[in-house]
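> Residue numbers (our numbering), protein chains in the order written: chain A, 4 to 194; chain B, 161 to 701.
For the record, the hints were derived by calculation from the structure and aren't laboratory data.
Fair warning: there could be bad hints in the mix.
As the list claims (entries may be wrong) - Label pairs and their in silico Cβ distance ranges:
#, chain 1, residue 1, chain 2, residue 2, range
1, A, VAL31, B, ARG687, 40 to 50 Å
2, B, THR358, A, GLN146, 38 to 48 Å
3, B, LEU585, A, ARG16, 48 to 58 Å
4, B, ALA198, A, GLY151, 28 to 38 Å
5, B, GLY473, A, LEU38, 25 to 35 Å
6, A, LEU38, B, VAL296, 37 to 47 Å
7, B, ALA599, A, VAL41, 36 to 46 Å
8, A, SER75, B, PRO603, 47 to 57 Å
9, B, LEU347, A, ALA44, 19 to 29 Å
Quick reminder that beta carbons are idealized off the backbone N, C-alpha and C, glycines included.
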Amino acid sequence: MTDETSSTHNHSRSADVAARIERRWAIVAIAVIALIAVMAAYGGIHRATMPQTQVETIDPTTLHLNGEFIESNLGSAIEPNGSVTVRVVGQQYSFTPQCILVPTDTPITIRATSPDVVHGFLIEGTNINTMLVPGYISDLPVQFNKPGEHLMPCHEFCGVGHEGMWGKVKVIDKFDFLQLSTKERRLNCVD
Amino acid sequence: MLTNKRLILAHFWLAFSVFGLAILLGAWQMLIRSPLHAWISNPEWYYRSLTAHGTVMGYVFPTLVAMGFGYAISETSLNQPLIGRRWAWAGFWLVLIGAVTAMVPVSLGLASVLYTFYPPMIGNPFYYIGVVLVVVGSWIWVALMSINLAAWKRANPDKPVPLAMFANVAGSYLWAWTAVGAALELLLQIIPAAIGLTSTIDAGLSRVFFSWTLHAIVYFWLIPAYIAYYTIVPRAIGGKVYSDAMARIAFILFLVVSMPIGMHHTFADPQVGAGFKFIHSAFTALVAIPTLLTVFTICASVEIAGRLRGGKGPFGWIAALPWDNPIMLAVTFSFIMLGFGGAGGLINMSYQLDATIHNTQWITGHFHLIFGGAIVIMYFAIAYDLWPHLTGRQLTNLRLMRTQLWLWFIGMIVTTFPWHWVGILGMPRRMAYYDYTNAALEPTALSVSISVVGAFILVISAILFFVVLLEGQRAPRENAGPYRFSMAVHPPVTLPAVLNGHALWVTLMVGLTITNYGFPVYELVTRSGMSVPAIYVGGER
Chain A
4 MTDETSSTHN HSRSADVAAR IERRWAIVAI AVIALIAVMA AYGGIHRATM
54 PQTQVETIDP TTLHLNGEFI ESNLGSAIEP NGSVTVRVVG QQYSFTPQCI
104 LVPTDTPITI RATSPDVVHG FLIEGTNINT MLVPGYISDL PVQFNKPGEH
154 LMPCHEFCGV GHEGMWGKVK VIDKFDFLQL STKERRLNCV D
Chain B
161 MLTNKRLILA HFWLAFSVFG LAILLGAWQM LIRSPLHAWI SNPEWYYRSL
211 TAHGTVMGYV FPTLVAMGFG YAISETSLNQ PLIGRRWAWA GFWLVLIGAV
261 TAMVPVSLGL ASVLYTFYPP MIGNPFYYIG VVLVVVGSWI WVALMSINLA
311 AWKRANPDKP VPLAMFANVA GSYLWAWTAV GAALELLLQI IPAAIGLTST
361 IDAGLSRVFF SWTLHAIVYF WLIPAYIAYY TIVPRAIGGK VYSDAMARIA
411 FILFLVVSMP IGMHHTFADP QVGAGFKFIH SAFTALVAIP TLLTVFTICA
461 SVEIAGRLRG GKGPFGWIAA LPWDNPIMLA VTFSFIMLGF GGAGGLINMS
511 YQLDATIHNT QWITGHFHLI FGGAIVIMYF AIAYDLWPHL TGRQLTNLRL
561 MRTQLWLWFI GMIVTTFPWH WVGILGMPRR MAYYDYTNAA LEPTALSVSI
611 SVVGAFILVI SAILFFVVLL EGQRAPRENA GPYRFSMAVH PPVTLPAVLN
661 GHALWVTLMV GLTITNYGFP VYELVTRSGM SVPAIYVGGE R
């Protein structure tokens, strides 16, 4: 065997080794990504953190005149099954109601929309976080375990008053909430 | 062979000039909304500045870098003078005129809608027309890259396309297609409302159109940095590219999978169904693969350099690397920032984790770390590497370059890490004012103040960058020799057609976009009664 052929031989062998290492890394990379995707899917299916399953629409130009988002229907309402529905409207540059009152340890559905521009809806200290897009209803199942207060900023730029658009969420004991609800049909709080 | 040095320099100078202005705005914004500064009394100034900062940094600066670098790659890697020189200049002027056209109304406060447009808010039409001109100018570049490669292929049948040009053209096609989403939004929805032809807007549809552009544009910003990883770094530090084929696969994957994933920006939106959110989330996971492949190939290529320089043992090669070389520093910093930024990206792509940080300061921290950090530091490296070949003068002040890169790295970490943290605390982004006296916001005050310091470190670094380039203008003339790209350990002799051309991959890119966007867009378009009146900003009309 001449020197030249032996060097070519070594060359191709080192290329094979290099390709093998590279292939292994590619397989590891793909496996890591597949695992993450499966974890996300599993978490979504089994841990209830799921995107809204159904797209719900509403006429943004008349929502204040009729339907569930008329002013007298906004705030927290107790449903016959004991759960609570909170209806909120975000508009330039405030939420209605500005202070949301909710009970602890109760299944709550937040339903919110916007009549004008896109707004954000975030309850600080929780993972309750959605967008309010005109024409659509954002529907979120939530639950609070502890009494307390949370800030609720609009987190999407909605005009020059955006920085002033902060609401509040007050979580109170379930029994106190039930007592209050005997007096009023729709509950909210004063800031 | 660089024959159009003036053209390329014009692109880089314009790019870095607008970058220099926009970074000042960024630092001012960080300061005035922090606890270190009193309330500015007119929030509109903040949003005006934010619109300018985002428009310049997102649309003008990286586009000009990609264009200038692209022309340089075409001439040097193909060894062929640029075909369409006049068109290239026309593209440059369109970008310049577009940028000025957009910035005039923004400066006057007539278009404070942020660079993400946010219809149904509508600003002055010239803002949007200016942005369209920037994009049209860049589309000329896309066409020229394609034409130049085709001419080279005709003259060199069956030869492997140089890696730098292969990646450059992939990036140009990605940009051409990803810009279509925002173009549809601008041309069909926003501009008609801005000039008074229509008066209502479907905001849900706009957000989906914009998401088409908003994610893949990041990969367009990133491709020049990746080209530098593969084709500049190994040569500059005395190494070789570990694998030419894997490099091509990485760029192909970016081309194919960075497009059909944009709806992860609409995870929290009520107008997009859960099924497509899941599909886009899964595709977003896929886009991590080309980056993971790149991390391996570049680390291996750098190791080759360390060993060629006499480094031994499992870690000895790291000590043997040329740490006084600015390119070595830049790629190291870039990788560290890419590592943290990429990990944050994996959090954003998961619907469940995203719910905690969606639209908080975490997101701002994330994309500043990836774009401003990992990508822009490589733009500096590209400039440092290419400059002597463009000006015919050496950049000799290596110490200043290293200081500049160190400051950029430190500045980015100091700016973005606290930003991520306050995002986890729930601090919303893009607000002109925060009431730090509120007990619930008070815990963010220290972190926000620290990140202001980071912003000013970045400004100092940017100033040093200009000092390096201007010092270079005064250096004696010296021939830098021909511009070369890194060689692979095993340079390709022949390549299968799929690794040597883009047709199949562009077809897949378009096809996947249609499958992942076609149905949601169709549903949104056919749904009626979703429009709201346009809200005109910037005063009476």
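> Holds or violated: the 47 to 57 Å window for the beta-carbon distance between SER75 of chain A and PRO603 of chain B?
For SER75 of chain A and PRO603 of chain B the Cβ distance comes to about 38 Å; the hint is violated.
> Taking the beta carbons of LEU585 of chain B and ARG16 of chain A, is their distance inside 48 to 58 Å?
Distance hint for LEU585 of chain B, ARG16 of chain A holds at roughly 56 Å.
> Holds or violated: 25 to 35 Å for the Cβ distance of GLY473 of chain B and LEU38 of chain A?
holds, 32 Å
> Given the hint of 19 to 29 Å, check if LEU347 of chain B and ALA44 of chain A actually sit that far apart at their C-beta atoms.
violated, 37 Å
> Do the beta carbons of ALA599 of chain B and VAL41 of chain A sit within 36 to 46 Å of each other?
With Cβ atoms ~41 Å apart, the hint holds.
> Lying within 37 to 47 Å: is that true of the beta-carbon distance LEU38 of chain A to VAL296 of chain B?
About 43 Å separates the Cβ atoms of LEU38 of chain A and VAL296 of chain B, which means 37 to 47 Å holds.
> Can you tell me whether the CB distance of ALA198 of chain B to GLY151 of chain A sits inside 28 to 38 Å?
holds, 31 Å
> Look at the Cβ atoms of THR358 of chain B and GLN146 of chain A and judge whether their distance stays inside 38 to 48 Å.
holds, 43 Å
> May I ask you to test the hint 40 to 50 Å on the CB atoms belonging to VAL31 of chain A and ARG687 of chain B?
holds, 44 Å
Of the numbered hints stated above, those contradicted by the structure are hints 8 and 9, listed in ascending order.
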